[in-house]
Amino acid sequence: MVTTQLPEGRLGPLRKTSRPAYATTDTFPKVARAYTQVSQAVRESGLLRRAGWFYASVGALLAVGFGGAITGFVLLGDSWFQLLIAAALGLLFTQVAFLAHEAAHRQILSTGPANDRLARALIGFVGMSYSWWDSKHTRHHANPNRVGKDPDIEVDTISFLEEDAAEARGLRGMITRRQGWLFFPLLTLEGLNLHYLGVKHLVSPGPVKQRWTELGMIAARFALLLTPLFLFLPIGMAFAFLGVQLAVFGVYMGASFAPNHKGMPVIAHDAKLDFFTKQVRTSRNVSGGWWATILMGGLNYQVEHHLFPSMPRPHLSKAREIVREHCATLGVPYTETTLWRSYGIVIAYLNRVGLAAGDPFECPVTAQYRRA
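Going by my numbering, the first residue of the sequence shown is number 3, and it counts up by one from there.
Hints may contain errors.
When the alpha-carbon atoms are kept at most 16 angstroms apart in a straight line, the in silico EDC-like pairs for lysine to aspartate or glutamate are as follows [what the hints assert, rightly or not]:
| hint | residue 1 | residue 2 |
| --- | --- | --- |
| 1 | LYS202 | ASP136 |
| 2 | LYS138 | GLU165 |
| 3 | LYS151 | ASP28 |
| 4 | LYS138 | ASP154 |
| 5 | LYS274 | ASP28 |
| 6 | LYS151 | ASP136 |
| 7 | LYS211 | ASP272 |
| 8 | LYS320 | ASP118 |
| 9 | LYS138 | ASP158 |
| 10 | LYS32 | GLU323 |
| 11 | LYS202 | ASP158 |
| 12 | LYS211 | ASP136 |
Don't read these hints as lab results, they were simulated from the structure.
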């Protein structure tokens with residue numbers, strides 16, 4: 003494993019008069035023409051060409067999977083084994099979300115408008131808002147791990163920055179102090195949260211692109227999902243089915259996206275970094291080859307995805323070799339680790355940030371003896 007990290011942050015509570023150590027313009031040496039050189043090598047290798055055969059195959063397999071889930075639902079009837087079907091649907095919807103992510107990045111079809119239409123349809127099938135997600139994700143790609151600019155590190159129950167943790171009070175403060183250990187349990191609610199945030203965006207005042215189209219798709223999706231549940235299953239079993247499906251979907255989504263940037267250097271709001279440095283230094287790959295690619299929908303090649311967002315999934319592994327070689331030549335650390343190790347890093351990072359939710363003027367040693 004190769005890692006890129008800033009010096010260890012404070013392990014005690016954050017004092018209101020101090021500031022966390024974020025990467026600034028001078029933290030990393032500038033790399034001249036690095037992206038130009040690596041992108042030229044990638045283009046010459048043909049790795050940006052479309053891979054229609056691959057996505058057609060993935061789509062066909064998912065269609066078979068949903069067909070099998072529907073058949074199983076019908077055959078099982080009034081049985082608690084239906085919860086297995088619910089879990090399967092949670093996995094299948096996440097795989098569809100991966101495809102929507104790739105379509106939004108222009109990876110699947112040949113034109114931008116066609117990819118947008120496909121992404122909107124796929125993410126509507128999952129029950130989320132494409133206009134909400136696309137705006138959020140575009141800002142993330144432009145400024146990964148940058149304070150005040152990356153929405154993925156904004157506080158949302160979990161605090162990813164020490165100053166946000168220091169502001170936590172009440173129930174959120176209790177969660178924040180233990181947020182590393184609570185991270186995966188909280189992901190069981192992330193599926194519900196993603197549906198809520200999408201609908202909240204669509205009904206908010208102000209202009210929203212394709213507002214009524216997306217609301218119609220989401221309404222139709224939930225009608226098709228919920229009607230059979232509450233029509234053919236006892237009400238308790240129907241709610242259990244829905245809960246399992248949402249929990250599996252939330253955990254799978256969160257567990258796929260969390261390893262990518264959490265625990266990597268956080269960039270100061272006003273830092274000026276070259277594109278290559280900004281994307282490589284803040285991203286982490288997950289090793290595992292083809293099985294990790296299937297499991298995570300290509301998100302395991304996060305470094306390459308951030309450098310070449312429109313690159314189709316099956317070409318990312320080849321791009322990895324080119325990027326690693328350039329990083330070695332330029333002396334830029336390339337971060338890659340196992341899936342389980344990445345989860346350990348995320349938990350440790352969140353716990354370290356969560357310490358700032360304590361009394362900002364309390365001595366950690368005194369607090370420890372008081373608890374004893």
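**Asked** Can the restraint linking LYS151 and ASP136 be considered satisfied, given a maximum Cα separation of 16 angstroms?
**Response** Given pair LYS151, ASP136 holds - Cα atoms ~15 angstroms apart, limit 16 angstroms.
**Request:** Assess, step by step, whether the Cα of LYS211 is no farther than 16 angstroms from the Cα of ASP272, and give holds or violated.
**Result:** violated, 30 angstroms
**Prompt:** Given the hint that LYS151 pairs with ASP28, does the C-alpha gap stay at or below 16 angstroms?
**Reply:** Answer violated: LYS151 to ASP28 is near 19 angstroms, above 16 angstroms.
**Prompt:** Is LYS32 within 16 angstroms of GLU323, Cα to Cα?
**Reply:** Distance of about 22 angstroms is beyond 16 angstroms: violated.
**Message:** For LYS138 and GLU165, compute the direct alpha-carbon distance and say whether it is at most 16 angstroms.
**Reply:** violated, 22 angstroms
**Prompt:** Does ASP136 lie within 16 angstroms of LYS211 when you go C-alpha to C-alpha?
**Reply:** Holds, at about 11 angstroms.
**Message:** Can you confirm whether the C-alpha distance between LYS274 and ASP28 stays at or below 16 angstroms?
**Reply:** holds, 9 angstroms
**Prompt:** Under the criterion that the straight-line Cα-Cα distance not exceed 16 angstroms, is the pair LYS202, ASP136 satisfied?
**Reply:** holds, 15 angstroms
**Prompt:** CA of LYS202 to CA of ASP158, is that 16 angstroms or under?
**Reply:** Holds. LYS202 to ASP158 sits at ~15 angstroms (cutoff 16 angstroms).
**Request:** Measure nothing beyond the straight line between the CA atoms of LYS320 and ASP118; if it is 16 angstroms or shorter, mark the hint as holding.
**Result:** Violated, at roughly 26 angstroms.
**Prompt:** Straight-line Cα separation of LYS138 and ASP158 no greater than 16 angstroms?
**Reply:** holds, 14 angstroms
**Request:** Take a quick look at whether LYS138 and ASP154 sit within 16 angstroms of each other, Cα to Cα.
**Result:** Distance of about 8 angstroms is within 16 angstroms: holds.
When each numbered hint is compared with the structure, violations occur for hints 2, 3, 7, 8, 10.
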